[in-house]
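J.: Spelled out, the chains give:
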Amino acid sequence: MTSLAGTASHRQPPGIEGARSRGRTRALFAFSLLIFVFLLAVLVSLSWSSVRLPLDEVARVLLGREAERDAWTTIILDVRLPRVITATLVGIALGLAGLQMQAVFRNPLASPYTLGVVSGASLGAALVIIVLPGLTVGLYRDTATASAVAQAISGVGLVIGASLGAGTVLLAMLVVASVVRDMVIVLLLGVVLSALIGALVTVLVFFADPNQTRLFVEWGFGSFHRVRWDDVTLFALAVGIGAVVAALSMKQLNALLMGENYARSMGLNVRRARTLTLTSASILAGAVVAFAGPIAFLGIAIPHITRGIFGSADHRILVPGSALTGASVALGCGLLAEMPNSNLTLPVNAATAIVGGPIAFWVLLRMRRGWGL
Amino acid sequence: MTTPSPVLSLSSLEIGYRARRRRRVVLSDMSVQLDRGEFACLLGPNGAGKSTLLRTLSRVQPALAGGVSLDGDDLRALTSGDLARRLAVVLTDRVQIANLSAYELVGLGRFPHTGYFGRLGPEDHETIEWAMEATQSGHLARRDVTELSDGERQRVMIARALAQEPKILLLDEPTAFLDLPSRVELTALLRRLAAERGLAILMTTHDLDLALRTADVLWLITDEGSLESGAPEDLVLNGLLEHAFSSDEVVFDRATGHFTPNRHTGRRALVVGDSLEHHWLREALVRSGFDVSRDQDSEGDAELIHCGVTSEGEGGAARWWTVQQGERDGFASLADLTRWLSRQRQTLQ
Numbered sequence: 010m011t012s013l014a015g016t017a018s019h020r021q022p023p024g025i026e027g028a029r030s031r032g033r034t035r036a037l038f039a040f041s042l043l044i045f046v047f048l049l050a051v052l053v054s055l056s057w058s059s060v061r062l063p064l065d066e067v068a069r070v071l072l073g074r075e076a077e078r079d080a081w082t083t084i085i086l087d088v089r090l091p092r093v094i095t096a097t098l099v100g101i102a103l104g105l106a107g108l109q110m111q112a113v114f115r116n117p118l119a120s121p122y123t124l125g126v127v128s129g130a131s132l133g134a135a136l137v138i139i140v141l142p143g144l145t146v147g148l149y150r151d152t153a154t155a156s157a158v159a160q161a162i163s164g165v166g167l168v169i170g171a172s173l174g175a176g177t178v179l180l181a182m183l184v185v186a187s188v189v190r191d192m193v194i195v196l197l198l199g200v201v202l203s204a205l206i207g208a209l210v211t212v213l214v215f216f217a218d219p220n221q222t223r224l225f226v227e228w229g230f231g232s233f234h235r236v237r238w239d240d241v242t243l244f245a246l247a248v249g250i251g252a253v254v255a256a257l258s259m260k261q262l263n264a265l266l267m268g269e270n271y272a273r274s275m276g277l278n279v280r281r282a283r284t285l286t287l288t289s290a291s292i293l294a295g296a297v298v299a300f301a302g303p304i305a306f307l308g309i310a311i312p313h314i315t316r317g318i319f320g321s322a323d324h325r326i327l328v329p330g331s332a333l334t335g336a337s338v339a340l341g342c343g344l345l346a347e348m349p350n351s352n353l354t355l356p357v358n359a360a361t362a363i364v365g366g367p368i369a370f371w372v373l374l375r376m377r378r379g380w381g382l
Numbered sequence: 005m006t007t008p009s010p011v012l013s014l015s016s017l018e019i020g021y022r023a024r025r026r027r028r029v030v031l032s033d034m035s036v037q038l039d040r041g042e043f044a045c046l047l048g049p050n051g052a053g054k055s056t057l058l059r060t061l062s063r064v065q066p067a068l069a070g071g072v073s074l075d076g077d078d079l080r081a082l083t084s085g086d087l088a089r090r091l092a093v094v095l096t097d098r099v100q101i102a103n104l105s106a107y108e109l110v111g112l113g114r115f116p117h118t119g120y121f122g123r124l125g126p127e128d129h130e131t132i133e134w135a136m137e138a139t140q141s142g143h144l145a146r147r148d149v150t151e152l153s154d155g156e157r158q159r160v161m162i163a164r165a166l167a168q169e170p171k172i173l174l175l176d177e178p179t180a181f182l183d184l185p186s187r188v189e190l191t192a193l194l195r196r197l198a199a200e201r202g203l204a205i206l207m208t209t210h211d212l213d214l215a216l217r218t219a220d221v222l223w224l225i226t227d228e229g230s231l232e233s234g235a236p237e238d239l240v241l242n243g244l245l246e247h248a249f250s251s252d253e254v255v256f257d258r259a260t261g262h263f264t265p266n267r268h269t270g271r272r273a274l275v276v277g278d279s280l281e282h283h284w285l286r287e288a289l290v291r292s293g294f295d296v297s298r299d300q301d302s303e304g305d306a307e308l309i310h311c312g313v314t315s316e317g318e319g320g321a322a323r324w325w326t327v328q329q330g331e332r333d334g335f336a337s338l339a340d341l342t343r344w345l346s347r348q349r350q351t352l353q
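If you're matching them up, the sequences are chains A and B in order. Just so you know, this note's numbering puts 225 at position 216 of the first sequence, and the rest follows in order with no gaps. Just so you know, this note's numbering puts 15 at position 11 of the second sequence, and the rest follows in order with no gaps.
Hints should not be assumed to be uniformly reliable.
To be verified - Sample of chain A residues facing chain B (criterion: CB under 10 Å; computed from the structure):
1. 31
2. 32
3. 278
4. 324
I should point out that these hints are in silico values taken from the structure, not numbers from a laboratory. Note that the coordinates shown come from a computational prediction; the quantities given were computed from them, not determined experimentally. Every residue, glycine too, gets a C-beta built ideally from N, C-alpha and C.
Using the sequences and the accompanying hints, generate a full structural model.
T.: The following block contains the structure:
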């Protein structure tokens with residue numbers, strides 16, 4: 010090993026042997042396992058759904074050849090692959106956003122959901138789905154043009170609206186967190202803010218016409234089906250930006266583990282690190298809410314599952330780990346929601362709650378032993 | 005040869021808080037210095053501004069006036085990275101991070117020395133190991149920080165600060181939650197680090213006894229809001245320590261350097277003899293508020309209670325005795341004796 014070359018003259022103090030590499034084997038093993046599970050989840054998601062396709066056919070299509078039947082190629086490439094990519098991106102985004110928020114707030118319960126970010130994004134989405142069409146109808150007397158414009162807006166507009174909503178709430182919570190020292194109160198304020206925003210959304214829905222209401226309620230169930238090939242790039246871009254910021258801030262997140270004062274004493278610009286991290290978290294959470302709806306529980310659960318798998322608090326492991334774990338868990342939830350071999354599909358939010366709920370429970374019970382971060 | 009400039013130097017420093025346009029000055033006109041290898045204790049009553057001073061020195065809050073220089077450079081001019089490589093802190097903030105080994109915690113101290121991703125190179129690992137060895141915490145390296153005792157964690161926190169390779173180490177009440185042996189050990193450790201590694205160390209403490217016995221220099225915040233510094237003995241001799249800490253309840257004994265509760269009652273006792281028993285009999289009487297004399301000539305004094313101890317076997321169970329106005333009483337233990345004396349005092353009042 011190269012690192013030992015420079016240490017030939019250095020005598021290790023007794024008892025310290027092995028401390029350097031503690032957990033390294035486990036991390037390597039866990040990463041290999043997670044990559045395997047992820048690939049398996051992708052294959053199974055492509056093959057199992059309302060109609061079950063043979064795995065070898067799936068593999069053949071993925072490798073660029075034609076399937077036995079033309080319909081299968083279409084199903085796999087145009088229906089299931091975007092869905093699988095959406096689920097993967099949702100998992101990565103929520104895993105990273107949850108991890109970032111837990112590190113910045115130093116609270117194991119912080120997540121895009123508990124801090125009101127998702128409800129902020131909902132308000133943004135509600136404004137775009139419900140209020141904007143009304144405005145466009147007002148602007149363009151001709152209904153055809155109006156609906157065309159509304160259509161055009163609802164794609165990019167939904168993303169922008171949801172991101173802005175998420176960002177506004179996060180900013181507000183950031184201000185609150187810098188004034189209020191007690192993080193339990195910050196979390197409770199997040200819950201209160203969520204309820205307030207929820208009330209606004211309820212008012213909007215109450216006055217909306219039935220079609221828009223139905224659209225909004227369906228949006229609220231969460232779904233991996235909505236993203237078409239055209240939108241995948243935009244979604245991937247948003248998640249990519251967030252992921253790059255997360256990757257670049259691993260060292261800062263580690264410093265924040267010890268709290269603001271220590272982080273500052275080691276030379277970290279705490280305010281900048283916080284702003285950057287939370288901006289990235291709001292882009293990630295906002296993109297998810299825009300493209301897949303308000304997906305519950307994954308944001309809080311994935312970082313904790315990752316900590317459990319790796320037994321580490323090091324964000325240089327947890328950032329890639331949460332992305333990988335998130336992708337697999339989201340694919341699993343998607344699979345559960347599809348209810349393979351049946352004509353039923355569940356809302357994705359039901360599946361994530363079934364998977365994420367018990368984990369959130371477990372985290373709360375564990376909190377007695379210091380805070381589980 | 006020029007004299008080495010001090011590592012930490014305060015010149016006419018004024019500290020406090022600035023809220024809107026009002027300034028609340030906590031301490032002003034502080035001009036003291038700390039050299040390489042010196043271990044200093046910062047003493048002062050609660051609320052006197054010890055923490056504010058530490059916060060100002062570590063640039064968490066700005067000074068109101070005057071200046072601080074670290075290793076020759078103005079504190080305000082340093083980049084945050086430069087500052088972190090010169091000055092490290094051990095705070096009172098509780099650090100409880102699950103799944104983090106003591107080794108990894110010490111490794112976090114490498115923050116100002118590592119690159120963008122915080123990757124630890126061979127030199128970083130060597131520094132971490134050196135820091136853990138210097139604080140005698142190498143055997144804790146693989147343990148989770150949540151499993152450490154308070155004393156062990158404090159040593160790991162000091163190792164983390166050392167891993168920053170600073171020239172100055174500031175510690176905010178590092179001994180506060182420790183039991184007595186750990187306190188003595190930790191203070192001795194800090195003193196050795198200062199002397200052997202040439203660090204300038206400043207720690208705040210309430211442990212006056214320990215500070216008097218171990219610090220090279222005391223920084224004392226007085227009631228008048230000034231900062232005085234000097235060797236512990238200097239501050240004893242010029243009466244500053246006594247002035248700062250004595251009250252109606254507590255008296256400072258300049259001869260021994262001890263603080264004792266003021267239990268002075270004006271009663272007097274005579275103890276003649278030099279055995280170990282006699283020594284502790286005197287201690288017990290002083291504790292009960294007596295002026296103890298050993299002058300045999302004053303035996304005739306009627307106010308004086310004559311106390312003593314019989315040699316083994318002679319008096320049986322009642323070894324301790326008092327003679328008061330010709331009346332002799334015997335006691336099985338010093339507890340019985342002091343209890344009787346204080347009961348007697350209460351009835352006299």
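J.: State the violated hints by number, sorted upward, taking the hints as numbered earlier in the document.
T.: none
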